[in-house]
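Colleague: Sequence:
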Amino acid sequence: MAMHVPRAPGFAQMLKDGARHYSGLEEAVYKNIDACRELAHTTRSAYGPHGQNKMVINHLEKLFVTNDAATILRELEVQHPAAKMLVLAAQQQEQECGDGTNFVLVFAGALLENAEELLRMGLSVTEVIEGYEMALKQAHDILPKLVIGQVKSLQNKEEVCTAIRSAVMSKQYGNEDFLANIITNACVSVLPAKTNFSVDNVRVIKILGSGLLQSEVIQGMMFKRQVEGDITKVEKAKIIVFTCPLDSMQTETKGTVLIKNAEELMSFTKGEEDMMEQQIKGITDAGVKVIVTGGKVGDLAQHYCNKYKIMVIRLLSKWDVRRLCKSIGATPLPKITTPRTEECGHCDLVYVDEIGETPVVIFKQAKEESPIATVVVRGSTDNIMDDIERALDDGVNTFKALTKDDRLVAGAGATEIELAKQITSYGESLPGLEQYAVKKFAESLEMLPRALAENSGMKATEVLSKLYAAHQEGKKTFGVDIENTGAVIDAKEAKIVDLYISKYWALKFASSAACTVLRVDQIIMAKPAGGPKAKQNKDWDED
68 MAMHVPRAPG
78 FAQMLKDGAR
88 HYSGLEEAVY
98 KNIDACRELA
108 HTTRSAYGPH
118 GQNKMVINHL
128 EKLFVTNDAA
138 TILRELEVQH
148 PAAKMLVLAA
158 QQQEQECGDG
168 TNFVLVFAGA
178 LLENAEELLR
188 MGLSVTEVIE
198 GYEMALKQAH
208 DILPKLVIGQ
218 VKSLQNKEEV
228 CTAIRSAVMS
238 KQYGNEDFLA
248 NIITNACVSV
258 LPAKTNFSVD
268 NVRVIKILGS
278 GLLQSEVIQG
288 MMFKRQVEGD
298 ITKVEKAKII
308 VFTCPLDSMQ
318 TETKGTVLIK
328 NAEELMSFTK
338 GEEDMMEQQI
348 KGITDAGVKV
358 IVTGGKVGDL
368 AQHYCNKYKI
378 MVIRLLSKWD
388 VRRLCKSIGA
398 TPLPKITTPR
408 TEECGHCDLV
418 YVDEIGETPV
428 VIFKQAKEES
438 PIATVVVRGS
448 TDNIMDDIER
458 ALDDGVNTFK
468 ALTKDDRLVA
478 GAGATEIELA
488 KQITSYGESL
498 PGLEQYAVKK
508 FAESLEMLPR
518 ALAENSGMKA
528 TEVLSKLYAA
538 HQEGKKTFGV
548 DIENTGAVID
558 AKEAKIVDLY
568 ISKYWALKFA
578 SSAACTVLRV
588 DQIIMAKPAG
598 GPKAKQNKDW
608 DED
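No gaps in the numbering here: position 268 of the sequence shown is 335 in the working numbering, and each next residue is one more.
I should point out that these hints are in silico values taken from the structure, not numbers from a laboratory. One or more hints might be untrue.
The calculated DSS-like cross-link candidates involving lysine-lysine, where the alpha carbons are at most 30 Å apart (straight line), are [said to hold, decoys possible]:
| hint | residue 1 | residue 2 |
| --- | --- | --- |
| 1 | K303 | K219 |
| 2 | K542 | K204 |
| 3 | K526 | K488 |
| 4 | K431 | K385 |
| 5 | K151 | K300 |
| 6 | K393 | K224 |
| 7 | K273 | K431 |
| 8 | K575 | K219 |
| 9 | K129 | K300 |
| 10 | K376 | K303 |
| 11 | K356 | K393 |
| 12 | K327 | K356 |
| 13 | K575 | K471 |
| 14 | K121 | K151 |
| 15 | K393 | K291 |
| 16 | K224 | K212 |
| 17 | K471 | K151 |
| 18 | K431 | K300 |
Just the calculated beta-carbon pair ranges, DEER-fashion [said to hold, decoys possible]:
| hint | residue 1 | residue 2 | range |
| --- | --- | --- | --- |
| 19 | Q281 | L416 | 49 to 55 Å |
| 20 | K151 | D297 | 55 to 61 Å |
| 21 | D101 | E495 | 14 to 20 Å |
| 22 | L275 | D352 | 48 to 54 Å |
| 23 | Q293 | L130 | 55 to 61 Å |
| 24 | L127 | Y240 | 28 to 34 Å |
| 25 | G354 | D244 | 26 to 32 Å |
| 26 | K471 | Y535 | 30 to 36 Å |
| 27 | Q217 | G354 | 46 to 52 Å |
| 28 | G241 | E128 | 28 to 34 Å |
| 29 | S532 | E424 | 52 to 58 Å |
Just so you know, even glycine gets a beta-carbon here, dropped at the ideal spot from N, CA and C.
The task is simple: from the sequences and hints, build the whole structure.
Modeller: Pasting the structure below:
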């Protein structure tokens, strides 16, 4: 009879060997709060225009130098399950609004930090969560009253530029006006009259060299490619797009040919040549001046394209082919045939240019509106251009959020301070224990202007007292002045604005994430699958 090894009584006896479990406030709740607090502290120093950069090297040893919270979190690959909830909330914010990811992390971290204080005071988790939910509902009721304006027309570049400026400022402080102008021009030019705006309609292409101020917007598309033949410029071009190689058809099986004399040798490839010439001539007769192919270009096809003055461009990416078809209004064809009129695309100018030392092919539309716009980013290093691209992405996503809700609220921490002030007053009117949680919610909102002030090198407590004094006098739009030490500024006059929709969702996601973390009272971890991992010697091939 096999020996029975007795197990410790309790929850552990139900689990397999190697499984772990933690329960109660000390083991589960406080540990989760601790992990979330550390994550929030990491990104808090990157909040605002004066936020510090983080140097992140991911698992592929790629280097990122950025203060964009979404990128930092994506490349960090956070493992802790509670901290991962905050990461998911921040990612959801990025998908919804494109901006405010760091707001979610900093605010959720502050909520959890304050919740720990309340729990240690003796409040139950249920009372804390109930208070936070009441405060969130109150914040959502107050927020519409703090709206200071709206973008009346998305075609009005000046209004749109003001709304986008703040989102870009936190990533590229000092270049926000230039970048906001570029983003506005690109987004307004591709804004459809009726259908929804798609962020994929604004492409970014990075070309090394020169500086940021040489960046520009092109109506149409640009590719870092060379043309295949001799023709380098075509005006009023009719374009055909093939997804197959531009070459003569070949059989799948191999055949053997017996050639008896010189004449047969001369005429051996003639049929193939005649067929290829016929195909290219048919395309020319249809009025086509440019052929774009997703496969290789054969020498024979190239010869006849040069003969009939057709420009040939080869694109390696199927996504590029798809976007080009959208830009010029062409239908991609799976085999070489003479196209019908409706299958052809049109472009005002297709030409080869050189930017820096990089050869490019440009499909440019003369009119101001086009289905796709390309932003050409210039910079001295790849890391700088990557960071600019992230700022552009945030700006384009902010424009998309504007198409859903065009209301604006005061930036520079003004909205957070006003919400904190009004929620504190609301908390004092409550009779139950949840009033403490409501007040802590208001205190957590102070963390955002505090982070702005600290990252700008100011005394945060001094700045907060000045802000509260201004708001008590009814100056609801006063926020942190990051340029003058210890000063406050009228955000409305200075045109520092945030999107209403961004604030609304950030408050919602941060509160939901914090409450979800607080609701966890037990952590059960199964034993990881598989045995110990083999040692990896990455330098195995070096002598």
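Colleague: Hint by hint, note whether the structure agrees.
Modeller: Status of the hints after comparison with the structure:
Taking the CA atoms of K303 and K219, the gap is near 36 Å; set against the 30 Å cutoff, the hint is violated. Between K542 and K204 the CA atoms are separated by roughly 24 Å; this keeps the pair inside 30 Å, and the hint holds. Simply put, K526 and K488 have alpha-carbon atoms about 20 Å apart, close enough for the 30 Å limit, and the pair holds. Restraint check for K431 and K385: satisfied, since their Cα atoms lie roughly 20 Å apart, inside the 30 Å limit.
For the hint pairing K151 with K300, the CA-to-CA distance comes to about 52 Å; that exceeds 30 Å, so the pair is violated. Of the pairs offered as hints, the one joining K393 and K224 holds, with about 25 Å between alpha carbons and a cut-off of 30 Å not exceeded. With a C-alpha separation of about 18 Å, the suggested pairing of K273 with K431 holds against the 30 Å cut-off. Between K575 and K219 the CA atoms are separated by roughly 26 Å; this keeps the pair inside 30 Å, and the hint holds.
At roughly 38 Å between alpha-carbon atoms, K129 and K300 are farther apart than 30 Å, so this suggested pair is violated. The straight-line distance between the Cα atoms of K376 and K303 is roughly 14 Å, inside the 30 Å bound, and the hint therefore holds. Taking the CA atoms of K356 and K393, the gap is near 18 Å; set against the 30 Å cutoff, the hint holds. For the hint linking K327 to K356, the alpha-carbon distance of about 42 Å lies beyond 30 Å, and the restraint is violated.
For a cut-off of 30 Å, the pair hint linking K575 to K471 stands: about 17 Å separates their Cα positions. Of the pairs offered as hints, the one joining K121 and K151 holds, with about 19 Å between alpha carbons and a cut-off of 30 Å not exceeded. Note on K393 and K291: the hinted pairing holds, with a Cα-Cα distance of about 19 Å set against a maximum of 30 Å. Distance restraint check for K224 and K212: the Cα-Cα separation of roughly 26 Å lies within the 30 Å cut-off, and the hinted pair is therefore satisfied.
For the hint linking K471 to K151, the alpha-carbon distance of about 28 Å falls within 30 Å, and the restraint holds. Taken as a hint, the K431 and K300 pair is honoured in the structure, with Cα atoms around 11 Å apart against an allowance of 30 Å. Checking the proposed 49 to 55 Å range against Q281 and L416 shows it is violated: the Cβ atoms sit about 21 Å from each other. For the hinted restraint 55 to 61 Å between K151 and D297, the CB-CB distance of approximately 56 Å keeps it satisfied.
Checked against the hint of 14 to 20 Å, the pair D101 and E495 fails, with Cβ atoms roughly 30 Å apart. One distance hint, 48 to 54 Å for the beta-carbon pair L275 and D352, is violated here, with the actual separation near 42 Å. Restraint check, Q293 to L130: a C-beta distance of roughly 30 Å breaks the suggested window 55 to 61 Å. As the Cβ distance of L127 to Y240 is approximately 29 Å, the hint placing it in 28 to 34 Å holds.
A C-beta distance of roughly 45 Å is found between G354 and D244, which places it outside the suggested range of 26 to 32 Å. At about 33 Å, the beta-carbon gap between K471 and Y535 stays in the expected band of 30 to 36 Å. A hinted range of 46 to 52 Å for the beta carbons of Q217 and G354 is consistent with their spacing of about 48 Å. At about 30 Å, the CB distance of G241 to E128 agrees with the hint of 28 to 34 Å.
A beta carbon spacing of about 55 Å between S532 and E424 agrees with the range 52 to 58 Å that was offered as a hint.
When each numbered hint is compared with the structure, violations occur for hints 1, 5, 9, 12, 19, 21, 22, 23, 25.
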